[in-house]
Amino acid sequence: MSAPVLIGYFDSEERVLEATRAVREAGHDLRDVYTPYAVHGLDAAMGLKPSRLTWVCFAAGAVGCTLAMSLQLYTSVVSWPLNVGGKPFNSFPAFIPVTFELTVLFAALGTVAAFLARAKLFPGNKRQALPRVTDDRFAIVIAPGQKPNALDAAEALLRDHGAVATDLREVAS
Amino acid sequence: MSNQHLSPLRVPLVSEPRSMGQLTEEICAPMERAPTWKWWVAFGIAVAVLATGAGIVAYQVGTGIGVWGLNKTIGWAFDITNFVFWVGIGHAGTLISAILFLFRQKWRTSINRAAEAMTLFAVMCAALFPLIHMGRPWLAFWVLPYPNTRGSLWVNFRSPLLWDVFAISTYFTVSAVFWYVGLIPDLATVRDRLKTGFRKAVFKVMSLGWTGSNRTWSRYETVYLLLAGLATPLVLSVHTIVSMDFATSVIPGWHTTIFPPYFVAGAVFSGFAMVLTLMIITRVVLGYEHLITLRHLENMTKVIIVTGGLVSLAYATEFFIAWYSGNPYERFAFMNRAFGPYAWAYWTMVTCNVVSPHLFWFKKIRTSPAAIFVLSLVINVGMWFERFVIIVTSLHRDYLPSSWSMYTPTMVEVGTFIGTFGLFFTLFLLFVRVLPIISIGEVKSVLGFARSTPAQAETPPSTRPVPVLDAPEAARNHPPLAIATRKDVPV
Chain A
1 MSAPVLIGYF DSEERVLEAT RAVREAGHDL RDVYTPYAVH GLDAAMGLKP SRLTWVCFAA
61 GAVGCTLAMS LQLYTSVVSW PLNVGGKPFN SFPAFIPVTF ELTVLFAALG TVAAFLARAK
121 LFPGNKRQAL PRVTDDRFAI VIAPGQKPNA LDAAEALLRD HGAVATDLRE VAS
Chain B
174 MSNQHLSPLR VPLVSEPRSM GQLTEEICAP MERAPTWKWW VAFGIAVAVL ATGAGIVAYQ
234 VGTGIGVWGL NKTIGWAFDI TNFVFWVGIG HAGTLISAIL FLFRQKWRTS INRAAEAMTL
294 FAVMCAALFP LIHMGRPWLA FWVLPYPNTR GSLWVNFRSP LLWDVFAIST YFTVSAVFWY
354 VGLIPDLATV RDRLKTGFRK AVFKVMSLGW TGSNRTWSRY ETVYLLLAGL ATPLVLSVHT
414 IVSMDFATSV IPGWHTTIFP PYFVAGAVFS GFAMVLTLMI ITRVVLGYEH LITLRHLENM
474 TKVIIVTGGL VSLAYATEFF IAWYSGNPYE RFAFMNRAFG PYAWAYWTMV TCNVVSPHLF
534 WFKKIRTSPA AIFVLSLVIN VGMWFERFVI IVTSLHRDYL PSSWSMYTPT MVEVGTFIGT
594 FGLFFTLFLL FVRVLPIISI GEVKSVLGFA RSTPAQAETP PSTRPVPVLD APEAARNHPP
654 LAIATRKDVP V
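Protein sequence lines, in the order shown, are assigned to chains A and B. Going by our numbering, 154 is the number at position 154 of the first sequence; the sequence numbering is gapless. Going by our numbering, 475 is the number at position 302 of the second sequence; the sequence numbering is gapless.
These are computed hints drawn from the structure, not numbers from a lab. Mixed in with the good hints there might be a few duds.
[What the hints assert, rightly or not] Taking lysine-lysine and the BS3-like style, the derived pairs with C-alpha atoms no more than 25 Å apart in a straight line are: (1) K126/A x K475/B; (2) K373/B x K120/A; (3) K536/B x K475/B.
Computed from a predicted model, the values in this text were never measured in an experiment.
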């Protein structure tokens, strides 16, 4: 099953922002916008919700913190209590540096892993970028739908908002 | 360009007019052309130094670390000096990429990639020293907490040296991940420029299928912000923990509470000096004067003035407290630093770190790359001597005059230190050849930052279609560049 998508190419950040807003207002099915760099305001224009990766970061950090504390308590208090100058076995303040480091380590690796998984980025990925969008073009991808004239209307909209080129492609839906 | 953010106050970050396509060409150019003879000369020297260093390390590992100049009084000198020196240098990279990012300092975009790479290479050099110091580096895994065959013997989590293991390895890992995440969009840019071949395959794997989708960009920005937020306290913690190696002991001159902030300030100070040294060479060799502009250099020298001031304040505070505390051992340690047998090292340190940064108050010096280059080297030397002074002068005369002694490094120690410079520069030169050393995506996003001029304000936004790069008009507007024609691409 394949469906045609309409791609509009733009050459500036401002035009792509305007066009994205217009595409949503006109009620077209906006698939995605492709840009060579992170364009500010595009999330709002596309109506994307803020990412929940911050929660992943917090959870991964909490896991790291707990693991680090447990490891130190187990090794220094339970498994091999070592009397160093009469200091308590559970010398909590001395465990803070390692706990801090492991919290940060888990939070960082956990967040990046979640990001790669969620964005489906992995080695051996077969996806190809649209022409020039990793260089100097911005692209809006619309699925015009089955209505008559929808394709023409969408193309006219993109052209009106300064698209430098448009392209129709069949993609697996 | 229509995507300009104009303001009468906004100084452009990229000082020559450039289109996005030109920027991509320019930044990718060093990776796509054959290396120049200058690069080969530099690389040859770096590899030769590295090979010599490796030979010396092999010799000392084979013979034992008795070949060092250490004695019973000074059991810890050159290697820890170099360790702290290299770790400190690494800090500016994370500072530029993380802290300046959180402060929304857009000027970081041209220098963050190279600075982060510098961090990674510096930390690698640093990690070598504790490894070699072990004498039996193949047993280095003993520092890790793993269930082992010697009963329930575990590592000692109360030891600052073990904290170091965790701090340095976490710092290295997080810096590497931060660097790589920042690279992914640019790897995709390079991938899409290459036609076929081995490099294309490598970049295809490394760019993980990046398409520039805004859904991905949106998450990417969140991740980048989170990593910056995590890396920032990490920078502070790493050098704090390194300083605790000393501060938790009872040696006069080491046992001071000012060490953590003092070490962090010193690390940023030396790190920025090293970034300047590298950036000044890079911008000239690769012709990036309009990307790594005088403004970048000037901003970094301002950071140096501040951190140099902090370091000077720390020196003064140490001296004041040594006198004010009324502790005779502490007082002696500091008098011995300034007027004892290692006074030459102390005054070298003071000249380089306290006096020389003040030259940057003069605008003329601050905007002269040659002067900045010389001063950045001076500061690097000064910061090396700071660590040497802290370590050797505190150890060589402690509580018991009967155990006083002197220390001179042997050729083996000096050779190992020089060898790490070989490693550092070899890695940096390879990095310049194989990866984009300026963040292409981030610089594109600040390309439109410009001061508004009356001419620009009067001109309405252009309604012309595609600004084709090989059009004669474009050629007139932009300085000549080797721009490939883009006829293969329809848009």
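A quick look at each hint next to the structure:
1. Between K126/A and K475/B the CA atoms are separated by roughly 47 Å; this puts the pair beyond 25 Å, and the hint is violated.
2. Between K373/B and K120/A, the direct Cα distance comes to roughly 20 Å. Compliance with the 25 Å bound is thereby established for this hinted pair.
3. For the given pair, K536/B sits about 10 Å from K475/B by alpha-carbon distance, which is consistent with the 25 Å threshold.
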